[in-house]
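Undergrad: Just so you know, the sequences run in chain order C and D. Number 146 in numbering that gives the first Met the number 0 belongs to position 147 of the first sequence; there are no gaps in the numbering. Number 37 in numbering that gives the first Met the number 0 belongs to position 38 of the second sequence; there are no gaps in the numbering.
Read the hints as simulated data drawn from the structure, not as lab findings. Predicted model only: the values in this text are computed from it and were never measured. Glycine included, each C-beta is placed from N, C-alpha and C at the ideal position. Hints are not guaranteed to be accurate.
[Claimed, not checked] The calculated label-pair distances, taken between Cβ atoms and stated as ranges, are:
1) C/L31 to D/V20: 47 to 53 angstroms
2) D/T83 to C/L219: 15 to 21 angstroms
3) D/A17 to C/Q196: 17 to 23 angstroms
4) D/T83 to C/P161: 55 to 61 angstroms
5) C/K91 to D/A17: 44 to 50 angstroms
6) D/P80 to C/N53: 44 to 50 angstroms
7) D/G84 to C/V231: 33 to 39 angstroms
8) C/S210 to D/E34: 32 to 38 angstroms
9) C/S72 to D/L46: 21 to 27 angstroms
10) C/V157 to D/P38: 54 to 60 angstroms
11) C/D62 to D/P38: 56 to 62 angstroms
12) D/I48 to C/L162: 54 to 60 angstroms
13) D/E22 to C/A194: 33 to 39 angstroms
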Amino acid sequence: MLINSVIIILREVLEAALIVSVLLALCHNLHLSKKRFIASLLLGALLASLYAANLNSISDLFDGVGQEIVNTSLYLIIFTCLILLIIAIGKKPINTTLVLFAVSGCLAVALVREGSEVIIYIQGFTSSPNLFQSVLAGAFIGAGIGFSIGVFFYYLIVNLSPLNGVRLSLFILILICGGMISQATQLLIQADILASQAPLWNSEGWVSERSMIGQLLYALIGYESTPSPIQVAFYLISLAIASILAIMSLRTFQFNTTE
Amino acid sequence: MRRFLTFVFFMLPLTVIATPVIEIEIRNHLFYPSEISIPADTKVKLLIINQDPTAEEFESYELNREKVIPGNSKGVVFIGPLPTGEYPFFGEFFPKTAQGKVIVK
């Protein structure tokens, strides 16, 4: 039970930690106040517990695919906030109000998405005290590893020059954009809103989704070993949109910093 | 256009009826039945009924599906159309016991 809970919690925490650390580092590089971070994270945690408490009714919505619809909406909100953030960085001077708005939105919603899963998982064991202890221990270890990876990314970005820091942050944010759209597409296929198709390729033999590398790649680039053509198409389109906007923003940002 | 709409109108209920529903129950962290057979190239609606008080996550890497089924509740997961083969699934929260597979014939 211990190992299983380490993996489950690590998976959720890793995704959230990656977004939080990159956004924190980005705000650091842009000399923006991080005060709003705590408020957004608290709001996210509150909404996550509300989501977890109402999971039954959410699941029953839309003929039993309410979870898919709500989660898709959450992914799309994160994607929109990230796009707004990339655009805001490219304004001359930087549109700090929009940056802070987008960062706060992103943090709160990412926490709702990942936090609710953690709550639902741990909550299930409150009725079995003999398992609860090892689940909780596993959860702490998993969360610890996830946070450590987040801290690593934060210091990696912060220790670069401001320009390179923003470059790396934007690069990771582009990948997260793709991951969000890929996951949203997957959920819409599961809910039978988008048509199910045969996978475009099968790379399970090379990098298994079950493996640690697979899990890390899933968090980082939205890796799927058997993606459907529509998923790959939407993934590539979202990557293209985010990349073009990021390149345009970087040009203005470079100009701003050298001025 | 009108003919087309009439056609779509009459076809819609047919496509809904055509999607077979298969029920899977979760009891004591086990799937009942743990093996289900479905025809090839057919879309199927899985109705997963969780009788346990604890939540479970229906997950399958082979089917690309992942969904939390709250305790004492049910959830819907669409799978297929699929080529013939075996597609294992498991309960991510209790993977030691909650194991099963979809056999596509």
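Undergrad: Next, verify each hint and record whether it holds.
TA: Now for the hints, and whether the structure bears them out:
no.	hint	verdict
1	C/L31 to D/V20: 47 to 53 angstroms	holds, 52 angstroms
2	D/T83 to C/L219: 15 to 21 angstroms	violated, 34 angstroms
3	D/A17 to C/Q196: 17 to 23 angstroms	holds, 18 angstroms
4	D/T83 to C/P161: 55 to 61 angstroms	holds, 56 angstroms
5	C/K91 to D/A17: 44 to 50 angstroms	violated, 57 angstroms
6	D/P80 to C/N53: 44 to 50 angstroms	violated, 33 angstroms
7	D/G84 to C/V231: 33 to 39 angstroms	violated, 22 angstroms
8	C/S210 to D/E34: 32 to 38 angstroms	violated, 26 angstroms
9	C/S72 to D/L46: 21 to 27 angstroms	holds, 24 angstroms
10	C/V157 to D/P38: 54 to 60 angstroms	holds, 56 angstroms
11	C/D62 to D/P38: 56 to 62 angstroms	violated, 23 angstroms
12	D/I48 to C/L162: 54 to 60 angstroms	holds, 56 angstroms
13	D/E22 to C/A194: 33 to 39 angstroms	violated, 24 angstroms
Violation of the numbered hints given earlier is confined to hints 2, 5, 6, 7, 8, 11 and 13; the remaining hints are satisfied by the structure.
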